[in-house]
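J.: Those sequence lines, one after another, are chains D and C.
Numbering-wise, the working numbering puts 204 at position 204 of the first sequence, and it's gapless, one number per residue.
Numbering-wise, the working numbering puts 380 at position 138 of the second sequence, and it's gapless, one number per residue.
Hints listed in this document are in silico derivations from the structure and should not be mistaken for laboratory results.
Glycine residues also receive a C-beta, built at the ideal position from the N, C-alpha and C atoms.
Just to be clear, a hint being listed does not mean it is correct.
Claimed, not checked - Straight-line Cα separation of at most 25 angstroms, SDA-like style, residue types lysine to any residue; simulated pairs:
#, chain 1, residue 1, chain 2, residue 2
1, C, Lys-311, D, Asp-87
2, D, Lys-27, C, Thr-305
3, C, Lys-294, D, Lys-27
4, D, Lys-176, C, Leu-272
5, C, Lys-371, D, Met-165
6, D, Lys-59, C, Thr-286
7, D, Lys-176, C, Thr-281
8, D, Lys-176, C, Leu-275
9, D, Lys-83, C, Arg-290
10, C, Lys-294, D, Lys-176
11, C, Lys-294, C, Thr-305
12, C, Lys-311, D, Asp-57
Claimed, not checked - Restraint-style ranges between C-beta atoms, simulated for each label pair:
#, chain 1, residue 1, chain 2, residue 2, range
13, D, Ile-164, C, Ile-283, 38 to 48 angstroms
14, C, Asp-298, D, Gly-24, 17 to 27 angstroms
15, D, Leu-166, C, Leu-287, 20 to 30 angstroms
16, C, Ile-283, D, Arg-183, 20 to 30 angstroms
17, D, Val-206, C, Leu-263, 46 to 56 angstroms
18, C, Asp-267, D, Leu-178, 12 to 22 angstroms
19, C, Asp-267, D, Leu-44, 33 to 43 angstroms
Stated by the list, open to error - If the Cβ cut is set under 10 angstroms, some of the chain C residues that face chain D in the computed set are:
#, residue
20, Ala-268
21, Ala-274
22, Leu-275
23, Gln-276
24, Phe-288
25, Gly-293
26, Lys-294
27, Arg-299
28, Val-374
29, Asp-378
30, Ala-379
31, Leu-380
32, Leu-383
33, Leu-390
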Amino acid sequence: MAPLPLALPFAALEVGQHLYWQLGNYKIHGQVFLSSWVVIGALLAVVVVGTRRLERDPKGVQNLLEFLWDYLRDIAREYIGEKAYRDWLPFIGTLFLFIFVSNWGGALIPWKLIHLPSGELGAPTADINTTIALALLVSLAYFYAGLSRKGFRYFEYYVEPTPIMLPFKIVEDFTKPLSLSFRLFGNILADELVVAVLAFLVPLVVPLPVMFLGLFTSAIQALIFATLAAYYIGEAVHEEHH
Amino acid sequence: MTSWLLLAEAGATAGSPEGGLFDLDATLPLMALQVVLLTFILNTLFFRPVGKAVEDREGYIATSRTQAKEKIAQSVRLEADLKEQLKGARLEAQKVILEAEQDSDRLYREAMAVAQADAMASRESARSKIDVQRADALSLLEADADRLADLIVDRLLPAS
């Protein structure tokens with residue numbers, strides 16, 4: 001970081017700093033991948049432990065997994081519809097789980113104890129690349145869902161109920177991933193920054209309510225992202241009844 | 243807050259040609275790939291097995307429920323059947339009891355009539371026997387009396 005006029009306080013806050021890994025001609029943000037691997041590892045560990053022996057009378061982690069499965073199925077079924085939700089449940093569920101565990105992991109895991117040469121570890125969802133990747137996946141998903149289910153009749157959606165809607169619907173295709181990615185990115189980054197700034201100003205007690213609020217927003221953001229993704233896919237596969 | 247971010251942004255961009263909050267690079271496609279892979283892994287490890295477990299259980303519960311309902315219906319039907327049978331049996335028993343009572347009554351009356359007739363007959367025969375004997379005795383007595391009277395008359399008359 002360039003020397004700042006207030007170098008001392010900002011030493012604790014590194015915004016926009018990344019741990020660059022060179023991959024051929026491309027650069028990637030190492031800290032995002034490191035924390036995302038932790039997140040994915042945690043998810044897979046819970047899933048593997050919970051599904052090792054599935055029983056009709058669920059015990060222990062299986063209960064948690066079944067609760068999650070039920071919760072995600074309800075989201076997918078409510079927004080995608082009875083007919084198509086089975087195909088998209090894994091996608092919606094993975095989005096929710098990945099974002100949720102990323103957000104909470106960013107808030108709960110003491111990343112700061114691990115020192116990186118540059119940048120710092122945090123929620124993978126606090127990086128714009130991750131959220132744009134997720135949002136673009138959602139866009140691809142709903143296009144694919146609509147085209148695979150309805151073929152070219154999918155584009156009727158753009159002129160329904162009237163052709164006047166055409167430009168708005170086209171603009172929507174761009175605003176959907178934009179709003180999805182920036183909402184998630186902004187919320188998580190802002191939450192991390194607020195906590196960091198407060199913790200820097202008053203290290204004890206005062207950041208706690210904000211941390212709890214952060215946990216709350218993190219969960220809400222994961223839910224919003226998954227719900228919107230499900231809603232967009234549901235919109236794409238929805239059959240108009242004439 | 244904003245100024246800090248701007249400062250950070252400015253610092254990052256000023257310090258080096260790369261960095262910043264909106265630094266898009268190969269992280270994006272790789273992360274997308276990673277999430278897609280995670281989707282497939284979670285599908286095989288989590289969504290399919292857990293979904294199967296939950297739906298199997300739902301099916302099991304549904305079938306047990308219908309079986310239980312069938313059993314309840316069956317038992318209700320059986321109960322009605324048995325009640326019907328019980329009612330029939332009760333009626334039958336009452337009929338049998340009534341018949342038996344009537345039978346015994348009839349037998350009693352018959353036996354009574356026979357016995358009364360017997361008794362009457364034997365009384366009659368006894369009375370007639372008594373009458374005959376009385377008549378015999380009376381005639382004997384009369385003869386004796388006559389004889390005594392004659393004797394008395396005979397004894398008295400010669401003496402006078």
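J.: Give a verdict on every hint.
T.: To see whether the hints hold, each was checked on the structure:
1. Taking the CA atoms of Lys-311 (chain C) and Asp-87 (chain D), the gap is near 34 angstroms; set against the 25 angstroms cutoff, the hint is violated.
2. This hinted pair does not check out: Lys-27 (chain D) and Thr-305 (chain C) have alpha carbons roughly 57 angstroms apart, beyond 25 angstroms.
3. A C-alpha spacing of about 42 angstroms is found between Lys-294 (chain C) and Lys-27 (chain D), which places the hinted pair above 25 angstroms, so the restraint is violated.
4. Restraint check for Lys-176 (chain D) and Leu-272 (chain C): satisfied, since their Cα atoms lie roughly 21 angstroms apart, inside the 25 angstroms limit.
5. The hinted pair formed by Lys-371 (chain C) and Met-165 (chain D) fails the criterion: a straight-line CA distance of about 138 angstroms is larger than 25 angstroms.
6. For a cut-off of 25 angstroms, the pair hint linking Lys-59 (chain D) to Thr-286 (chain C) stands: about 21 angstroms separates their Cα positions.
7. This hinted pair checks out: Lys-176 (chain D) and Thr-281 (chain C) have alpha carbons roughly 21 angstroms apart, not beyond 25 angstroms.
8. Between Lys-176 (chain D) and Leu-275 (chain C) the CA atoms are separated by roughly 20 angstroms; this keeps the pair inside 25 angstroms, and the hint holds.
9. About 17 angstroms separates the Cα atoms of Lys-83 (chain D) and Arg-290 (chain C), which keeps this hinted pair within 25 angstroms; it holds.
10. Simply put, Lys-294 (chain C) and Lys-176 (chain D) have alpha-carbon atoms about 33 angstroms apart, too far for the 25 angstroms limit, and the pair is violated.
11. At roughly 16 angstroms between alpha-carbon atoms, Lys-294 (chain C) and Thr-305 (chain C) fall within 25 angstroms of each other, so this suggested pair holds.
12. Restraint check: the Cα-Cα separation between Lys-311 (chain C) and Asp-57 (chain D) comes to about 22 angstroms, which is no more than 25 angstroms; the hinted pair holds.
13. Separated by about 44 angstroms at the C-beta atoms, Ile-164 (chain D) and Ile-283 (chain C) satisfy the suggested range of 38 to 48 angstroms.
14. Checking the proposed 17 to 27 angstroms range against Asp-298 (chain C) and Gly-24 (chain D) shows it is violated: the Cβ atoms sit about 47 angstroms from each other.
15. At roughly 43 angstroms, the beta carbons of Leu-166 (chain D) and Leu-287 (chain C) sit outside the given window of 20 to 30 angstroms.
16. Checked against the hint of 20 to 30 angstroms, the pair Ile-283 (chain C) and Arg-183 (chain D) passes, with Cβ atoms roughly 26 angstroms apart.
17. In this structure the supplied range 46 to 56 angstroms is violated for Val-206 (chain D) paired with Leu-263 (chain C), their Cβ-Cβ distance being about 26 angstroms.
18. Restraint check, Asp-267 (chain C) to Leu-178 (chain D): a C-beta distance of roughly 19 angstroms satisfies the suggested window 12 to 22 angstroms.
19. As the Cβ distance of Asp-267 (chain C) to Leu-44 (chain D) is approximately 26 angstroms, the hint placing it in 33 to 43 angstroms is violated.
20. With a least beta-carbon distance of about 3 angstroms to chain D, the hint placing Ala-268 (chain C) at the interface is held under the 10 angstroms criterion.
21. A cut of 10 angstroms between beta carbons decides the hint on Ala-274 (chain C): the least distance to chain D is about 4 angstroms, and the hint holds.
22. With a least beta-carbon distance of about 9 angstroms to chain D, the hint placing Leu-275 (chain C) at the interface is held under the 10 angstroms criterion.
23. For Gln-276 (chain C), the interface hint holds, since its Cβ comes within 10 angstroms of a Cβ in chain D; the closest pair sits about 7 angstroms apart.
24. Proximity of Phe-288 (chain C) to chain D holds as hinted, the smallest CB-CB distance being about 4 angstroms (cut-off 10 angstroms).
25. With 10 angstroms as the threshold, the beta carbon of Gly-293 (chain C) comes within range of chain D, its nearest partner Cβ sitting at about 6 angstroms, so the hint holds.
26. Annotation: Lys-294 (chain C) was flagged as interfacial toward chain D, and the flag holds, the nearest CB pair being 8 angstroms apart, inside 10 angstroms.
27. Hint status for Arg-299 (chain C): holds, given a least beta-carbon distance of 6 angstroms to chain D, under 10 angstroms.
28. The closest approach between the C-beta of Val-374 (chain C) and any C-beta of chain D is roughly 108 angstroms, which is over the 10 angstroms cut-off, so the hint fails.
29. Here the hint on Asp-378 (chain C) is broken, as its CB sits about 113 angstroms from the closest CB of chain D, past 10 angstroms.
30. Proximity of Ala-379 (chain C) to chain D is violated relative to the hint, the smallest CB-CB distance being about 113 angstroms (cut-off 10 angstroms).
31. Given hint, Leu-380 (chain C) at the interface with chain D, is violated; its Cβ is 115 angstroms from that chain's nearest Cβ, farther than 10 angstroms.
32. Proximity of Leu-383 (chain C) to chain D is violated relative to the hint, the smallest CB-CB distance being about 118 angstroms (cut-off 10 angstroms).
33. Checking Leu-390 (chain C) against chain D: minimum C-beta separation of about 128 angstroms lies over 10 angstroms; hint violated.
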